[in-house]
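K.L.:
Here are the chains, one letter per residue:
There are 2 protein chains.
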Amino acid sequence: MSDQATPVAAQASTATPEATSLFAPDSVGLVSARSMEFMTPLMLACGRELASYTLVYETYGKLNADASNAVLICHALSGNHHAAGYYDAQERKPGWWDAYIGPGKPIDTRHFFVVSLNNLGGCHGSTGPSSINPETGKTYGPDFPVLTVKDWVNSQARLADALGIQKWAAVIGGSLGGMQVLQWAISQPERLRHAVVIASTPRLSAQNIAFNEVARQAIMSDPHFYNGRYAEHHTLPRHGLRLARMIGHITYLSEHSMGQKFGRDLRIDKLNYGFDVEFQVESYLRYQGESFSERFDANTYLLMTKALDYFDPAADFNDDLVTAVSQATCDFMVISFTTDWRFAPARSQEIVNALVAAGKAVSYACIDSPHGHDAFLIPNPRYQAVFSAYMHKVHAQITQPTQDH
Amino acid sequence: MSDQATPVAAQASTATPEATSLFAPDSVGLVSARSMEFMTPLMLACGRELASYTLVYETYGKLNADASNAVLICHALSGNHHAAGYYDAQERKPGWWDAYIGPGKPIDTRHFFVVSLNNLGGCHGSTGPSSINPETGKTYGPDFPVLTVKDWVNSQARLADALGIQKWAAVIGGSLGGMQVLQWAISQPERLRHAVVIASTPRLSAQNIAFNEVARQAIMSDPHFYNGRYAEHHTLPRHGLRLARMIGHITYLSEHSMGQKFGRDLRIDKLNYGFDVEFQVESYLRYQGESFSERFDANTYLLMTKALDYFDPAADFNDDLVTAVSQATCDFMVISFTTDWRFAPARSQEIVNALVAAGKAVSYACIDSPHGHDAFLIPNPRYQAVFSAYMHKVHAQITQPTQDH
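Chains as they are written, first to last, in the UniProt record's numbering: chain A, 1 to 405; chain B, 1 to 405.
In isolation and in its complexed conformation, chain A is listed as follows (with noise of 0.2 angstroms):
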């Protein structure tokens, strides 16, 4: 591996066996983040390279002797490295994706060492457009490069390489996280024994792009964002990363959940025939936008939103999905969910029917739920059920017993 990697914060980022006990026993519990700099430059898809970078990860479960059992979890547009457990006893919420990770859980971390990385590009502590280029001085922002789902996985795949693993059991994600799964696959397919692609597409259709783009609008045009030089400035284009959210969150749920959840009912008894809040809906979006506002970068959000209007692997391959997956060697499962209208069942069955032209091993499966896209976030025995029966698969694949990390 030519990259100087160096650990840094090395603390256990597993739980001590008196802090888990204040957890649920299907919890990974107290977990904390690393970092590794990376200063060895990166060559990305838009021809401009990154001199040295950071990327923020935490680790659960136990790396085995030969390094077999580790499985790389990608995360979604807004998502982080904090994908299971907590930082400390009194943090009400876990890891965004804690229903799937933790022992007894689908990704069970009695049996694999997980990795779940803060993406390059991303807010929550690697380099990013709101880290300070070494260049200037100051911080990047709009001169942070535009990223692809590539870039991220050859970035990902100098982790694994400093981390000592030659070869995931399984690489992981849902959404923005199953199109680096997809990549890896193609791209890397000698570093991974199965992909698991979740709620996911081959490629954005023009809807999805036009979402992305009126997101973008929204940011652009908030006269805070000062072209993403708004830290300069001494401010937040918060108004426009709210309609951002405001206008993601509709499409990561279906309209069944909406309805089921909000109906028309009001806020208060009658109708107030004036602009404030009056429906329960509304008084939930402005919620999640102005929350969102407060602890996402405008930057990072265009930049992830960018990465999912490129993300085309068949577009290296004359346009050719078969071909493009054909370049895989491992095994995959496909996971769609019946609601899910951003990234519905019928753009995962591209990929299986890809997969299946290119002689692959494909499992599928969609999955009954009222939740949207949103729902490979969200507990469902039948997922569950799925999710567990193939991980228990690659777990069988792996004979080594595992050792301390």
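Hints were generated in silico from the structure; no laboratory data involved.
Please note that the accuracy of each hint is not assured.
Put simply, identical chains are the same to the list, so a pair is met inside one copy or across any two.
Mimicking SDA-like on lysine to any residue, the simulated pairs with C-alpha atoms at most 20 angstroms apart in a straight line are [what the hints assert, rightly or not]:
id	residue 1	residue 2
1	K93	I378
2	K270	A315
3	K270	L44
4	K167	N154
Just so it is clear, the structure is predicted and the values come from calculations on it, not from any experiment.
Starting from the structure of chain A, add chain B where the hints point.
P.N.:
For chain B alone, kept in the frame of chain A given last:
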């Protein structure tokens, strides 16, 4: 009739024979708008009243001796009174529903006297937020009252009075226009023989409200909005209105038609890895938003979306749509479109099912179209045939010969 209605600018709005020859034989030809002032206060659902107001409208065809051949066209969110024909020989685009109104078209102006108005609260000549408030001498802006579909029906009934139309042969509308039709049937049952409800819904879903709310927030968070008093500040909330229209536009098209129209085609031949327009769909949306923001009033847009949110005729009848439509005495034609996901066929079927349960005469057609919600505006042979057949039935019930108006 208690209204003191004064026709203003009473030019003949139908074409002269010489002018007509410039246009296709199935065009209504040259048309012009009229306006009518109403000096009797109109009580509104919000509890306020409008002391006086003007409605601008067009007519096509001739009213017959007993005024039994009049049909009313109700417009949708961004529509207006210019539904058919041309204002001058150089005008490139005819009225918004020209494909369906004219000699030999479904709404056949050889048989019907067609009335098409700009709704109260609009921004094309009828009294609305951009009109001068006689009490202050300034534009109403945000002081203009919030209107409901019921208010529109009441204001339209006064226009009918002034035109000497006691009973419409049919009231016809798509989308928000269809809601007005349904409201006419329920609250003015003795004043229409037929109701034609196209691409509509008995009430908005939580998702529909959510999209409207994001559009409103986009407008209201534009710093040029000035709480609706942008006219006094000699500016316009262009960015907000542009975003609102972009969001709306996505919901008017089907995912399929957007895919067929744009796919993932790039505007230039390669990705530029930046935030300028890259995909054709982005360019289209920006153009649509831009041109709309120059021609439409933001306060009117807010008002129209609120009228959509509020529409819920069942709410007056203990949330029972069957009881609500039991008030009607007219016959119904309900039309939906397969790929309309804004007001899906299932929403039209709710109306049909309620009408059937109430024992009303109803014809229903779900038209196969790739064009989403916009399908109601677009030429389509099957839709035209079904619509024409129903209008022939409406015409057959009119026994009086037509006369000049």
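K.L.:
So, for every hint listed, does it hold in this structure?
P.N.:
Going through the hints against the structure:
1. K93 - I378: For K93 and I378, the Cα distance is within 20 angstroms only inside one copy (14 angstroms; across copies 50 angstroms).
2. K270 - A315: The answer is between: 12 angstroms across copies meets 20 angstroms, while 53 angstroms in one copy does not.
3. K270 - L44: Between copies only: 16 angstroms across chains, 55 angstroms inside a chain, cut-off 20 angstroms.
4. K167 - N154: Classified as within; 14 angstroms inside a copy, 72 angstroms across copies.
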